[in-house]
Every structure is written in structure tokens, then in C-alpha cells.
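Visitor: These protein sequences, in sequence, are chains R, G, A and D.
Residue 163 in the numbering used here sits at position 163 of the first sequence, and the numbers go up by one each step.
Residue 239 in the numbering used here sits at position 239 of the second sequence, and the numbers go up by one each step.
Residue 64 in the numbering used here sits at position 64 of the third sequence, and the numbers go up by one each step.
Residue 166 in the numbering used here sits at position 166 of the fourth sequence, and the numbers go up by one each step.
Honestly, I wouldn't trust all of these hints.
Claimed, not checked - Residues on chain A that point at chain R, a partial pick, calculated with CB under 7 Å:
| # | residue |
| --- | --- |
| 1 | ASN202 |
| 2 | ASN205 |
| 3 | VAL210 |
| 4 | LYS252 |
Said to hold, decoys possible - Cut-off 27 Å, straight-line C-alpha distance, at most; resulting in silico cross-link-like pairs (BS3-like, lysine-lysine):
| # | chain 1 | residue 1 | chain 2 | residue 2 |
| --- | --- | --- | --- | --- |
| 5 | A | LYS241 | A | LYS137 |
| 6 | D | LYS218 | A | LYS274 |
| 7 | A | LYS347 | G | LYS31 |
| 8 | R | LYS178 | G | LYS182 |
| 9 | R | LYS239 | R | LYS123 |
| 10 | D | LYS6 | R | LYS347 |
| 11 | G | LYS347 | A | LYS6 |
Hint data in this document are derived by calculation from the structure and do not stem from the laboratory.
Being a predicted model, the structure only gives us computed values, none of them experimental.
Here a beta-carbon is modelled for each residue, glycine too, at the ideal position from N, C-alpha and C.
Number of protein chains: 4
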Amino acid sequence: MSILKKSIRVGVVGASSLSAGVLLKILSRHKYVSLALLTSQTKTGQEAGEIHRALGNILRLKTTKYEPDKIIRDCDVVFLAKPHGEQLKGTSFLSALAQKTGSAIKFIDLSADFRLKDASLYKEWYGFTHGDRALLKKAVYGLPELYFNKIKDADFIANPGCYSTCAILSLAPILANKLEDKSATVVVEAICGVSGAGRRPNERNMAIEVQENIKPYKIGIHPHTPEIEQELAVLSHRKIKVLFAPCVAPFKYGMLTSSYLKLNKRITTADILKKYRAFYKDAPFIRIMKEGEYPEIQNVTGTNFCDIGVHYNSRTNTCVAMACIDNLFKGAASQAVQNMNIAFGLKQTEGLLF
Amino acid sequence: MSILKKSIRVGVVGASSLSAGVLLKILSRHKYVSLALLTSQTKTGQEAGEIHRALGNILRLKTTKYEPDKIIRDCDVVFLAKPHGEQLKGTSFLSALAQKTGSAIKFIDLSADFRLKDASLYKEWYGFTHGDRALLKKAVYGLPELYFNKIKDADFIANPGCYSTCAILSLAPILANKLEDKSATVVVEAICGVSGAGRRPNERNMAIEVQENIKPYKIGIHPHTPEIEQELAVLSHRKIKVLFAPCVAPFKYGMLTSSYLKLNKRITTADILKKYRAFYKDAPFIRIMKEGEYPEIQNVTGTNFCDIGVHYNSRTNTCVAMACIDNLFKGAASQAVQNMNIAFGLKQTEGLLF
Amino acid sequence: MSILKKSIRVGVVGASSLSAGVLLKILSRHKYVSLALLTSQTKTGQEAGEIHRALGNILRLKTTKYEPDKIIRDCDVVFLAKPHGEQLKGTSFLSALAQKTGSAIKFIDLSADFRLKDASLYKEWYGFTHGDRALLKKAVYGLPELYFNKIKDADFIANPGCYSTCAILSLAPILANKLEDKSATVVVEAICGVSGAGRRPNERNMAIEVQENIKPYKIGIHPHTPEIEQELAVLSHRKIKVLFAPCVAPFKYGMLTSSYLKLNKRITTADILKKYRAFYKDAPFIRIMKEGEYPEIQNVTGTNFCDIGVHYNSRTNTCVAMACIDNLFKGAASQAVQNMNIAFGLKQTEGLLF
Amino acid sequence: MSILKKSIRVGVVGASSLSAGVLLKILSRHKYVSLALLTSQTKTGQEAGEIHRALGNILRLKTTKYEPDKIIRDCDVVFLAKPHGEQLKGTSFLSALAQKTGSAIKFIDLSADFRLKDASLYKEWYGFTHGDRALLKKAVYGLPELYFNKIKDADFIANPGCYSTCAILSLAPILANKLEDKSATVVVEAICGVSGAGRRPNERNMAIEVQENIKPYKIGIHPHTPEIEQELAVLSHRKIKVLFAPCVAPFKYGMLTSSYLKLNKRITTADILKKYRAFYKDAPFIRIMKEGEYPEIQNVTGTNFCDIGVHYNSRTNTCVAMACIDNLFKGAASQAVQNMNIAFGLKQTEGLLF
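Isolated chain R, as found in the complex (with noise of 0.2 Å):
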């Protein structure tokens, strides 16, 4: 393939957030990208290492202010890392240029902007109107185990959330067997690390909130609710209701996310498992535990791993299925480039399994 005897030319727009830190962190050590561009509103001009310490030493690039001309031009793809909503129009509009002037450029887009398909969920979950359902029609939805062939002829991308990735990630294999009890609606709870508040400074956010503590928060509100339940909806070729119940727990990274549905007749765990192992005997990063063992989210720190662990449980006959991935890594960054490795020919687990 042509573009593996070249590098990949990467632009990060928004690289001062925590996932633009830890996408910094694998594409400077991915080895077929070459870093062309970062733009940063709040931090032009410094160092990446700078504004993320931990790449001290390791990325002297320096931000710039954010060119959309000079974006087209020196980058073969791009990844959008900045605020829900702020980005969209910035992002139509790159996107609109690179199609005026001919650009072979593929967009990764890390927020929500690009995830719903039904653009009127925007106003009612986001609180924001969508301007670009051109766009939107477009975006594939970038969770590789369900959507890889798409990924690989996409050119703009819209990665999923991490709340959204960790509950579609553990129910898939259910839905696509057609195990879930039609009546059920789905249960949902999700223990979060405090990165998943982001940098900037907030009460809520504080140590003194978050130590000794579990915080819980937009319960039933939360607008990954819709991303979880379009999904589902694909899987199941019908509509399916989501109760969403996150909570913040004093850990830094990872998130393990519990779902709960009824069953449409009685099967065993260890049948569950056989069948999670066939749905996903070709993903890389997804790994199933055995019987009686759960996902710990030690395990996935760090990595694009996804752990997977079922339990049936007969008296009720639910099943309970557990993941645990983290957040900034499967949840964001990781599996963004998990996306590019895709979309750009490249082994899928290029740069991801250290």
C-alpha cells in the first residue's frame, strides 16, 4: 500500500485536552505518522511537552494557531479533540474546504458532534441545534469491532463516547443473537475515574469532592443515553430504552460499566460466554473472561483494551454483562487511532499494544 512507504501526516486541533495528551502519546511513538500540526486556542505557541508534562522531552512540537488552509495542505488526517458543539462548525468547515479544494484529507473527530445520526437528539441531549446533517449523514461511527469495513473507506469518522464504547462493547453479542427479552429496557451504571471530568477546574471536580467519596451524576440524563441506544437499536433492528446511571469514584483512569437486561429465555453463563467469544473471535482488543471472573479496570489501564465479563443470573434471569476499558485510551485516544490504522490500510493494532 502506497502510504505505508510514507508517513502518515497528523494534525491535532485541540491539543490541549487530556485525550489530545494521550493521543500525543501514541501517535509520537506510532511508527508510520509523522506529527505535522497541533493547534491550540488556550496554549499557542508552547511545547507539546509543556502542556502535557508527561510528554517532557519526548515532543518538542509546538502548537499553532488553528489555519484551516495550512490544515488541508499538510495534513492526510486530522483529529478533532476540542469541546462538544464548539467544534462543529469549525469542523464542517474543514470539512467543506477539504472537499472544495480536492483533498484527500480523513477527519477523526473525538467529540459528540458527528455521533447521532438523528440530528434532532442534538437539541434534546446536547442542548445545541445541529447545523450540518450533510455531514452527519456522512460520519461512520467509529467502534471498530462493530463497523470496520466502514472505518476502512471512511473519511470523516466520528469516534465513539467512552461511557458509549464500554456499554455497546458488553451488550453487543446479546442484541446480535437476539437473547434480550423484547419487554426489557436496559440498565446501565457506569463507575467513571476523575479524568472523565476533564482539566478544567470545577466544584465538582475538586480532590476534596472526589476523595472518600462516589459522585453521582446526570442520572437518566446523561447524552451518551442515545449514543448507547442507537446502537443497540442497529444491533437489534429495534428500538431499545436505556436507563444511563453514572457516578465518579476517586480513581484517575478507566471505567467499568455494568448492564443489566432481561432475557427472552434461560441459558447458561457459560453458553453467554461461547457465544461473546464467537462475536468478537477477530477483535484484537476485546478479551472475554472466563466464567465467575469479572473485568478489572487495572488490566486496561493504559491500553485499547476492552474487558468483558458475563454473569446470568438465573433467579431473575438477567443478564449482567461488565466491561471495563479506560476512558482516555479505548474511550478516546486509543481507539481514535485504532481508527486511523484502519482507514488508512494499517494493521489495526499498529502502535496500540504496548
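Position chains G, A and D relative to chain R; hints supplied.
Guide: Positioned in the frame of chain R, the structure of chains G, A and D alone reads:
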């Protein structure tokens, strides 16, 4: 009341456990209590303040060997704090001895040995055959918010489990008001701090295993399951199946339970909260949160409070009931003292509002 | 004493800070205290139990605006809990007003504004010029283990800093016994939990910055340095220079200080410990560890205790003096109450042995 | 170099320890390494990915029994990762066997057994008599920033202790530049995460003991003391006494050491930092902080970096040298790989810039 003219003479059997440490802390400042004797098999002859370092300079009483006659003679009430199962035999003997000698001694058992009314459940959930059905029948389940009047007259009180206390209190008003869907089961998910595992070293509870991690355990098979089911059945006058899924998180004290159950009709969160406030109007240790607010462990740490928050999810017609307690206080030691207060005719808050 | 016939009427100025929260918790269960008024500039009109959620259902008193006349008229003692510097002006005014009106009110100031006898040090270490040298002169340094008799008669008590309390108490017996090498300086290293930084959001105190990290700060320039130097000088009758190096670690409450100083002759740890025990024989809140044992924060959390352990290192002829306190209790609120107890002729442990 | 034409065949003896886990993670992605064999006494026959769950799906190699002949025959380098003391005998035997058979195998020992040049110190600090003075003499102390050239030609490398690495690296430029006061001793205080205690369960390392606590231990008697003294003596050409005081804090990985020593003349922090930068100008893993900034563990976690910050305290003429490393990486496994890289003529950063 005559008892108020003199101190209640208190004995603690099994004084070296974590919850015994909290119990001693509370009892040592309780104005109607005089600590009569402490026993410890593993740490006989040591000062309480050596076993529980936080009690240094506060409690100089030494533990003695376990001598039934002396216990019956010198105490008005005995707190039993030995491990589950181990304690059954001794307790039955003590109780029988008290009866034989006509002693007016009362027992408050912090273990699980007398919580389940159906003796056969012990074999299934705890792995031992219960050998004292008579005492089991006599034992009053010591959840003061539900059994105040029974506790008042009880000679033998089975102090509830920590998870059970938290889950039952958070669900009681729903069931008492017949709001639940009859076909539905209850999912209870719990997050507990490391003190839940006690003091004995084992691989699972090492700091290296807990830090930066979440550890799900005993999913669907935790022995507090039948205890919760027993009390929900009493409240709802029908069998209720519970799927209970606990996990350990990196903090020291306290727990959060989140319980999910389908309702039998549409309602609002505000209406549900009104019913909670009514149900607990005389319960000084229950605090009901406002709509949109959820309980946090940090507000109940070191107290006998149980904070409860509710969200009605209209999308799934499901109620989420969340509660926080300190597992060693309301989940063990301070609830035991609350039971003692009630059984001896004191104000139930005596010595517990700190 | 006449005061014991009725309650001490207590006011708290600046009732929304973290240490005010602890203060209110202690005062609300103190049997000789009646809370007369609370003021808060930022949260006027709110219930104490809303500002400090842990006090919900315990303290319903509402904060009012700051009205000097009312304070002077309605209180026997006022705890001043506003930030350093900000409070100086108001305090001076209050004190002057009290004097003018012949009020017998006492003041206990939790800020740093009256701790340093040499007014010029405020400019150097705190960055403001001290404007009330008369009141500064009158203020008694409220470390009860050293100044019990002065506190008894004091009208104005400057409650010590948290680090200072811990370091001074751990070093006092060495200096009082003239064991230190005269040429030597003292190194004090401290590890403090996140509550040391208060409640106001800023980048440094975000959970993401503290978790899985240690944050050294203000090395050699922390303003508790001159406070420690001042008291060590009083004890040793000569100038002592202190190099103070604090850091923040991922826990919530409490601190450990480790102080290092060369001795002027060879000695044993056992001998040093004997001198510590003698020095603190009448101090109910000081616990001296055995040889080979060191203080741990978990034993003092939520208490007014200061645990001290000492190691004499014969290889370097250096003494390591370690101490633990809870920064919000003995390092702030409970020490303030200890001072109140002494100043009002109560037992110094009154309301503090919990 | 010939070795680059084929992979380095690597063996790991004692593959179940925490640092072996990190070692395997690094080696499994090192492009010039082929893992030849793993041995484990306690977990023989298990896959690496079962012993170290984070390696699941990455490393399927199984551990075998310890067979000296096979090790000598199949490996170019052996990492020895068994506990201190236990390993001495086996190591000596292996090394002798290699010599006898004319094998070109190299050894990198992660234990303390060959770090101290003065064999008599083993009795004093580790409690065992060292039985192989010949091999001890031959062993090169594997701190690449000081002994690069010796390591290049070494057959037997004693990988430094974690605390020692951190303290020595932070002090070396001071001593190499003869800045220290000759009469002075060095105080080294260290704060380490819970991974420092390894995986074996014991009371001190239970989560309940570590959470919300700081645990000082082995004050003045920790066996890394003579190791630090040995290297400081080499640097300064005179005996230096060290008082070393470590403690454990509630985080998982990494450590901070703060070292204090008097200087022999007045200087500025800026001048000291200049000397540090010059001293480490060729050291790719040393990052020197700016004036007023201090190292933080979070920036070195999971890396081979050592971040160093310095404060010159003019008030006490004392230099504070602070350094952070990840105890399992630069303090053990990644430093061992850095040593391997150097000993096999690779770039020292090979496989370590992640």
C-alpha cells in the same frame, strides 16, 4: 425509666474486628453506657487502645477471655461481633444460659447468623446448617426504621447487613406504597469502600489490588441477597427476586447502593420523594435528597445517617433509588447502638448525633 | 465558675469554610455551647446543613450578614474563620468595638493574621502590611500544650496553623531539653491531604492533578515557616532557622510532619522518648509512640489528638521527630474549641473526646 | 553490531513478581527482543497473561521450571527477578555455569544481592552473609547515568534499588561538583506508592491500612541506605552518611525522594540547575525542572524518566533535591531494559520511549 438511673453495663464479644473498633468508639462516649467487659480470642489481654490505635488514650479497658458466666452476670447487653457462622454456637449457648439463669441480658448480634428467618437459606447462601431455629425465630431484625416497636421489646436483635440496610431503606417506601411493577425484579448495584473486607490480609484486599481499580465480586451470589429479598417481601407482601451486584472501590469507609425497579404506573420524581418523606417522617437518621440531587458517601461518613435520593426515569418507567451509609456505622456499629438505645428506652439518637 | 451555669453563646464569622464546617460539627454537640449566630458573605441566609451537607438534619441555624454590633451583643466568644489577610480589618474593628462597649467577648481567630509577633514578617511571608500591632501584641498564640496559662486569661487567641501545630509539638521537647546542636537548622517535611487546600476550585487542587500523584509546593517559602521558627525560638531561647517543605498527597484529611535536627550529644531513642513523655505528661491530646513505632494519620483522623514518634539516628547523630494531626481538627477547628474550653474554665477535653 | 542482525534471546527468572510483569510488558514490544523463556517457582506452567492480567492477549508464553542448563543454552541475557537473598545462590550457580560452559550470556539482577560492593554490609542491612564475593566484585552497578561505559562491557549487572536510583540521581550533580558541606550528612525522605510492597499479602499493605493514611517505615534502617551511601561516596570521594526515611502513601505507582544537604558556600538555585543540566546533558531519561517547579509523580508514571527539581534555601544554606521515578519502571524493570540496551550496543532509549 429505671435504666436511666444507672449506666447500661455493656459487653463486647469479639472486640478486635473493625466494626468492634467503631462500636467501642461510640460506646466510650455514650453517656448511659459503662463498658463492662471486652473479649477477644486473638488479642486477649490487650488494651482496646492498642488493638484499635485510634482509641489510644481514650479506652484503657483490656480484653479478657470469653467466659459465659461472667458475661451473663456482668452485662445488661452484649454486642456479638465475631465472624459469621463462627459465632452461632457461642451465641446460642450464651442465650440459653441467660434464659436458664433468668438473666435480663439483651443480645445484639452484628453477624449474619440470625438475620434470615428461613433457616434453610443459611445452607444455600452461607454454606452452613443453622443449628438454632428457636433463637432464630425469636430474633428481631434490627432495622429501627422498620421495626422500632419490635426492637423496643426484643431480647435478641439481629443487626442487619450493611448492603441490606442501605438497599432496604432506599426501596422500602416504593414497596410500602405498592408502586412497583409486579412482574419486575429488583437490581441492586453497590459500591463499597475497602473497610467492607475487614482487617484480615488476603490477596484481593491488598492496596495494590484496590488502588486505581474497581473490583466486582460475588455478582448474583452475595449472601446479603436473601436478606434484602426477605425484607422487601415483608414490605410488599409478595416474593421479590433481587439481583445484587457489589463491587469494591478505592476509598475507605462507606457505600452507595443504586437500586432499579420498574413501576406499575407513570409518576413523577417529586411524587415519589413526597412518599419517601412521609414514610420516614419519624426517622431521625434518614435524610431524603431534593429532586435532581443524589446521596454522596462523604456526607454520611462516620455517622448513623442514611441519605436517600430518587430518580424516576419516565423513558423506561423505572425508579432509581440511591442510598449512602457508612458501612461500619449505620451498616454495623452505630445501628447496633441505635438498637440498644431503643431496646433500653433511650432516645434513639442518644450518643449518635456526632 | 459562673459560665457553667449557662451555655457559652458562640458566633462563627465565615461559616462556609471547610474548617468552619468541622467547627460547627463539634460545637453542635458541645454540651456547654449554644450557637448564637453564623455569618457568611458568600452564602448568607443558608442553613448550616445546606452549606455543609454532613450537618443536614443536625444544624438548622441559618447564616446572617456580618453585623458587628449584633455579634458583640449576642456572643460570649466568636470564632473567626475568614481567609488570611481579609479578616484582619474586620477583626480589629470587632475587637476595638468590644473594648469600647466594655463587652467581655473573647475572640478565637483561625486565620494567620495574629500568629506572628513580629509584624514585619507579614509583609515578607503573607504579602500584606499588618495594620494592628496593638492587637497583635495582645493576641495569645493558642497552642494549649505550650500556653495553657496564657490561654486561660486570653481575650484574643490566635489559633495556630496546621503545619505549625504539628511541627512545633513534635519538636518542643527536644528544644526545651536543649538537646539540639546549636549550629544546626531544622528541616521540616510535611505531607498533607487535599482538605488542606480548602474548597475553592483551582487547577492545582483538581482530583485529576492530585490522584496518583504527590505535589510538592512552596518549598522553602511556605508562610508557616516563620510561625514554626517563632515558637522554636521561644522554646530554645535562640534563633532557629527552619527549612519547611510541604507536599499534597491523595488522601482527604490529616497530615504528617517529619522534622530532622542534629543533636548536641549522643543519646538513645528510649531516652528521648522518656523526655517527650515527661514534657507532655499533662497533655491529654498528645500520644507518644513506643520506640520503633511511628505515627499514622489514620489514628488521628477526626480527632484532636497529636501522635508523636521519634527515631534517634546514631549514624548521623540526627533526631527524626514525626507527628500526625488532622489538619481540620487539631490543626484548626478542634484546637480552637480546646482553646475555648480553656478560656472559659472548662475541662480542655470537653466535647473533644469522640 | 552482530547482535542487531538477530533478536536478543531473553530469559526472565522469577516471572511472577510485580516488576517482572512490567519487564514482560516492555520486553514484549521491544523490537530487538525475543522472549526465550520465563521461569516461576510459584506459578509454573501458567501463561504470562494469566499471571499478569494486563498482558492477556499480548503474551501467551508459559512459565517453566528453573533449569540452569536450558537457561544458559537458550538465552543471551537473563533478568533475575526473584526476592532479595533467595536468589543469590541460584544466581552464583548460573553465573559459574555460564563461565564453565563458555557461554556469552549476560545477567541483569533486579534484586539487591549484588549492589553493595562491601560484602559485610549484607549481614548488617539484609541479615544474610554474602557468599559470592567474586561475583560481587565483578558485578557492575547498573545506573546508566553514572556507569554507561562499564555497563557497555558488563556481563553481570546489579540493577539499582528504586529509592537508591531516585536519591542518587537527584544528588549526583551536587557531589560531583563538590558543592556539599563536608561536615554535613544527607537526609533523604521518600514517599512511595503501594506497588513498592509487592504482591504478597500482609497486614501492613492491606488497602484498609493504606487508604487515608501515610505509613512511615524502617526509619533509619532501610537497606537502601548503604546503597545510596556507596554511590554518594564514589561521587564525592569521601564517606557520606545518609539518614533515609521512607513512607508509603495511598497511590499505586511511583515515588518522590526529597534530599536535604548543607552546601559549602552560598549559591543560587539557578546556578545549581545549570550544573544539573550540564551533568545530565547526555542522559535522555533525566528531565531537569525549571526554577520554582518540582517533580510530580504523575509525569513519570509508566516511563523510564527521572524528573529532578532543586531548591536552594538561602536561609539555611541547604539544598533540597527532589526527584520522581516510577518505582517499577526506572526503579526496576525499564532501567533493567535500559541496561540491556547498553550492554547489547543498542540505543539506550530503544523500546523505552512510550
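Visitor: Against each hint, give a clear statement of whether it holds in the structure.
Guide: Do the hints match the structure? See the list:
With a cut of 7 Å, the hint placing ASN202 (chain A) at the interface with chain R holds, because the nearest CB-to-CB distance is about 6 Å. For ASN205 (chain A), the interface hint holds, the least distance from its beta-carbon to any beta-carbon of chain R being 6 Å, beneath 7 Å. The restraint placing VAL210 (chain A) at the interface with chain R holds, with a minimum CB-CB distance near 4 Å, inside the 7 Å limit. Given the 7 Å rule on beta carbons, the hint for LYS252 (chain A) holds: about 4 Å separates it from the nearest Cβ of chain R.
A threshold of 27 Å between alpha carbons decides the hint, and for LYS241 (chain A) with LYS137 (chain A) the separation of about 23 Å falls inside it, so the pair holds. Under the criterion of a C-alpha separation no larger than 27 Å, the hint pairing LYS218 (chain D) with LYS274 (chain A) is consistent with the structure, at around 21 Å. Under the criterion of a C-alpha separation no larger than 27 Å, the hint pairing LYS347 (chain A) with LYS31 (chain G) is consistent with the structure, at around 17 Å. For the hint linking LYS178 (chain R) to LYS182 (chain G), the alpha-carbon distance of about 25 Å falls within 27 Å, and the restraint holds.
Note on LYS239 (chain R) and LYS123 (chain R): the hinted pairing holds, with a Cα-Cα distance of about 20 Å set against a maximum of 27 Å. Distance restraint check for LYS6 (chain D) and LYS347 (chain R): the Cα-Cα separation of roughly 24 Å lies within the 27 Å cut-off, and the hinted pair is therefore satisfied. This hinted pair checks out: LYS347 (chain G) and LYS6 (chain A) have alpha carbons roughly 24 Å apart, not beyond 27 Å.
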